[in-house]
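All chains should be modelled from the sequences, with the hints used to inform the complete structure.
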Amino acid sequence: MSDLTDSSSLVNAVSSTPAGPVDPTQQREKARSLTGDAWHDLSRKPLFYVSSLVILFLVVISIWPGLIAGTDPLSCNLINSQNGPTSGHPFGFDQQGCDVYSRTVHGARDSVAVGVLATLGTTILGGILGGLAGFFGGVWDALITMLSNIFFGIPILLGGVVFLSVVKGGSVTTVCAFIVLLGWPQIARIARGAVITAKQQDYVQAAKALGASNSRIMLRHIMPNALAPIIVVATIALGTYISLEATLSYLGVGLKPPAVSWGIDISAASGQIRNAPHMLLFPAGALSITVLAFIMLGDAVRDALDPKLR
Numbered sequence: 001m002s003d004l005t006d007s008s009s010l011v012n013a014v015s016s017t018p019a020g021p022v023d024p025t026q027q028r029e030k031a032r033s034l035t036g037d038a039w040h041d042l043s044r045k046p047l048f049y050v051s052s053l054v055i056l057f058l059v060v061i062s063i064w065p066g067l068i069a070g071t072d073p074l075s076c077n078l079i080n081s082q083n084g085p086t087s088g089h090p091f092g093f094d095q096q097g098c099d100v101y102s103r104t105v106h107g108a109r110d111s112v113a114v115g116v117l118a119t120l121g122t123t124i125l126g127g128i129l130g131g132l133a134g135f136f137g138g139v140w141d142a143l144i145t146m147l148s149n150i151f152f153g154i155p156i157l158l159g160g161v162v163f164l165s166v167v168k169g170g171s172v173t174t175v176c177a178f179i180v181l182l183g184w185p186q187i188a189r190i191a192r193g194a195v196i197t198a199k200q201q202d203y204v205q206a207a208k209a210l211g212a213s214n215s216r217i218m219l220r221h222i223m224p225n226a227l228a229p230i231i232v233v234a235t236i237a238l239g240t241y242i243s244l245e246a247t248l249s250y251l252g253v254g255l256k257p258p259a260v261s262w263g264i265d266i267s268a269a270s271g272q273i274r275n276a277p278h279m280l281l282f283p284a285g286a287l288s289i290t291v292l293a294f295i296m297l298g299d300a301v302r303d304a305l306d307p308k309l310r
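Just so you know, our numbering puts the end of the sequence shown at 310, numbered straight through with nothing missing.
These are calculated hints, taken from the structure and not from any lab test. Each hint should be verified, as a subset may be incorrect.
As the list claims (entries may be wrong) - Calculated pairs, DMTMM-like style, for lysine to aspartate or glutamate (alpha carbon to alpha carbon, straight line, at most 25 angstroms):
| # | residue 1 | residue 2 |
| --- | --- | --- |
| 1 | Lys199 | Asp303 |
| 2 | Lys45 | Asp299 |
| 3 | Lys256 | Asp72 |
| 4 | Lys199 | Asp141 |
| 5 | Lys45 | Asp303 |
| 6 | Lys208 | Asp141 |
Take a look at the structure:
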């Protein structure tokens, strides 16, 4: 009887003893989703914030260039031809007497528009075709793979010179259509590989066993887990497409006047680099910073979404 009394007293003593402080390092963090993990990693990267601020600034001036440039980029006066920077015109004037600062700011609109629209087009078309090839396999896979190999065999710059020389217009729509036509195979291959990998996971096999339809499996289980590599490639490709537009415009087959583009201004300034280097310096600098910002953002997103790099 005394043993039972002692045991019950010991239990009461232990239960009434207040718990000591818990070491925070021993607490388990709340489980995060893939998006939460990616954002957690991105929020610790200065590279992500720098590139995002640059891109945000570019987007703002692309939509509202008048916020920082009140001069009409098409208002030119030959009296000011090739004059250097002056008060109110910090970038000087080009060969036609147009304000280089205003043209550099307004040139962001068409250049960024081509990059964004071309990236959306290639991502949607390539993602759909690559996803179908990876999910259904068989004839679909063979047909889409063969088609993508054909387009891969065409150098995109050479193809642009030929295609845009035949198709007249030189508008944003025309340039975007060409880039989508030759740019989708890259996204399609990435999407195909990601879907094939996701299709082999246990949760997809379980969904099939439970009788889930193909559309439900594709939209609810496969695509959310296959989007990460597509997003990374698309982000980096956006900067590449902006550079491609400038190259095509420089060669005279991309955007054409009266459109305002960095590539057009670089082409016009290339013959005057000794007499008026400011004509080339500022649009070329804006193009370089823009492309670098998107490549930096793509690298940061890749590091955050790829579990092998954590």
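Evaluation of the provided hints:
1. Lys199 to Asp303: 23 angstroms, holds
2. Lys45 to Asp299: 11 angstroms, holds
3. Lys256 to Asp72: 18 angstroms, holds
4. Lys199 to Asp141: Within the cut-off at roughly 14 angstroms; holds.
5. Lys45 to Asp303: 10 angstroms, holds
6. Lys208 to Asp141: 20 angstroms, holds
In the structure shown, no violation is registered for any of the earlier numbered hints.
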